[in-house]
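I would like the entire structure built from these sequences, with the hints used as guidance.
In order, the protein sequences belong to chains A and B. All the letters of the first sequence, read from the start, carry residue numbers 1 to 316 under full-length UniProt numbering. All the letters of the second sequence, read from the start, carry residue numbers 1 to 316 under full-length UniProt numbering.
Quick caveat, the hints were computed from the structure, so don't treat them as lab data. Keep in mind that the hints are not guaranteed to be accurate.
Each computed DSS-like pair below joins lysine-lysine, with the alpha-carbon atoms no more than 30 Å apart [stated by the list, open to error]:
| id | chain 1 | residue 1 | chain 2 | residue 2 |
| --- | --- | --- | --- | --- |
| 1 | B | K95 | A | K136 |
| 2 | B | K136 | A | K95 |
| 3 | B | K179 | B | K118 |
| 4 | B | K259 | A | K282 |
| 5 | A | K118 | B | K118 |
| 6 | A | K136 | B | K61 |
| 7 | B | K136 | A | K118 |
Sample of chain B residues lacking proximity to chain A, with all beta carbon distances greater than 12 Å (derived) [unchecked claim]:
| id | residue |
| --- | --- |
| 8 | H81 |
| 9 | E101 |
| 10 | L147 |
| 11 | N269 |
| 12 | I271 |
Since we're looking at a predicted model, the values are computed, not measured. We put the beta carbon where it would ideally sit given N, CA and C, even for glycine.
Number of protein chains: 2
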Amino acid sequence: MDIIRALKEAGEAPISGEDLGEKLGISRTMVWKYIKALEENGYVIESSPGAGYVLVSPPDKLYPAEISIGLDTSIIGNDIHYFETVDSTNDVAKKMGIRAEEGTIVVAEVQENGRGRKGDPWISPKGGIWLSVILKPSILPAHAPRLTLMAGVAVANAMRQFGVDASIKWPNDVVIGKKKICGILTEMDAEADHIGFVVIGIGINANVPVEELPEELREGSMSLSSIKGERINRAEFVQALLKSLETEYLRFKVDGSTKILEDWISLSNTIGRQVDVITPHKIISGKATGINPDGALIVENDEGVHEVIAGRCIYK
Amino acid sequence: MDIIRALKEAGEAPISGEDLGEKLGISRTMVWKYIKALEENGYVIESSPGAGYVLVSPPDKLYPAEISIGLDTSIIGNDIHYFETVDSTNDVAKKMGIRAEEGTIVVAEVQENGRGRKGDPWISPKGGIWLSVILKPSILPAHAPRLTLMAGVAVANAMRQFGVDASIKWPNDVVIGKKKICGILTEMDAEADHIGFVVIGIGINANVPVEELPEELREGSMSLSSIKGERINRAEFVQALLKSLETEYLRFKVDGSTKILEDWISLSNTIGRQVDVITPHKIISGKATGINPDGALIVENDEGVHEVIAGRCIYK
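Here's what the structure looks like:
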């Protein structure tokens, strides 16, 4: 990673193998070997004899170096575990959870067995952002839904920084209008009254052309590249996302969830809408008027005011 | 297991190798091999030439066959995973949780790394009962503490059937007076609003002489063998315990936790007592007057009525 950092710092000015070697405390031959390895990993490096090396472009990969060089966080992303292909980043994160430092990230180019809520499949092709964050908050399991709200706010804010008008749809989708662009899956390992760790899985259709998604998902899905009309720099987006997550998480730790709830409500496009909420027991139709601190949707209709803890929400 | 069942059914009447072979659909030579294997596992079998085999005594082991032959349950204990030695039965159960059938049991003779609440060590020598049950209830993570209450009721009732005057000490110890005889550790794998599975770990000082426990635990501990003055039949106790657990669990599924709360209160020796409850933030002193449906202890003092969700309770 140090050699990538040195090349990036040098920018367009060639840096000689000798200088690089001195900087990193290695021989020129080792420098040359590292450069070859980087090239094999997709880094485009110009080398002019006598002058030195210039990093022309990094590969379109979410390599730890691409995420961490320039990352402005203190907890989230200190430890990044990268996989080309993985079953599910949440499953990997759950396996390492107990021993991992808070803020550890698992990221993959492709998930072969990505999961949404209640085990539903989550299609995770190349070009997307599939990552999981391990957190260790001192909260009760009953309050874990607040972290899902927090993640929704962080994702929507990061997208807005990238000029994408993202909203939040209850309970945990980030949407463009009615079309899903990101899903959030919060899982935990907990005792009855004590959380061991939480894994927040965030799946974003980044550079995934909507027309390449399975047919049944196309109508209800959106992607960053489709809405912007161009591919985004995924590594930069992940940096913005991790920063946004950390900002919200530190606020949550210090001030609790009041501000997050306010932000969630102002970012949501569910509140104020006529909805059908499908729960395991019944369908509740009415106007969504708010959420409670544990993320339950408040729905008002002729029969009264309902707090719906879990369910699938359909906009009318 | 079938050969043990056949021997147990025959009781004191010798059963010939030929009859056994016919019953099990195997050759007499195979019967002889099985009998040898059982003897190696500690079964005492009398064999008189011409007459046949008599099972004199099973070994003092919690082998699946010893638990399941005569077990009167329909869910809990259908699948039993046995280990001589294990790190922690809860850890094993958590690893198999997602794929396991509800009611699956993990049991071990010795835990080398037994855990209590919040990762505290739990000493688990030979002679104890160290088991974990996997359940898949359709409840919210916030309601998981109810399963801890349920397990406390089930354990105390099973002990009372064995003539031991067990009570429950909030939040989750089964005690004889002030001395702990059983600890319960409920862990879960959950989404924010949906439980994947719960593992209830139950550790019982069964045939563990109190004087063999580490010195610092002796004063606060009791065991079934020490209170009764004789070793108990652990397999029979486990059968009673699993039956008791299943009775409470089916009641919980059908009627919710009302009856369990009532039973918990009548089995508890915490309610009505002056207590100090140590929480991460403060010590609450007062009279324990009840619990709420989520297992929080209600403590009354001059300052008012407090609901304590989690903490360590000390009797004055």
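Results for each hint:
no. : hint               : in the structure
1   : B/K95 with A/K136  : holds, 20 Å
2   : B/K136 with A/K95  : holds, 20 Å
3   : B/K179 with B/K118 : holds, 20 Å
4   : B/K259 with A/K282 : holds, 26 Å
5   : A/K118 with B/K118 : holds, 27 Å
6   : A/K136 with B/K61  : violated, 39 Å
7   : B/K136 with A/K118 : holds, 13 Å
8   : H81                : holds, 20 Å
9   : E101               : holds, 16 Å
10  : L147               : violated, 7 Å
11  : N269               : holds, 21 Å
12  : I271               : holds, 19 Å
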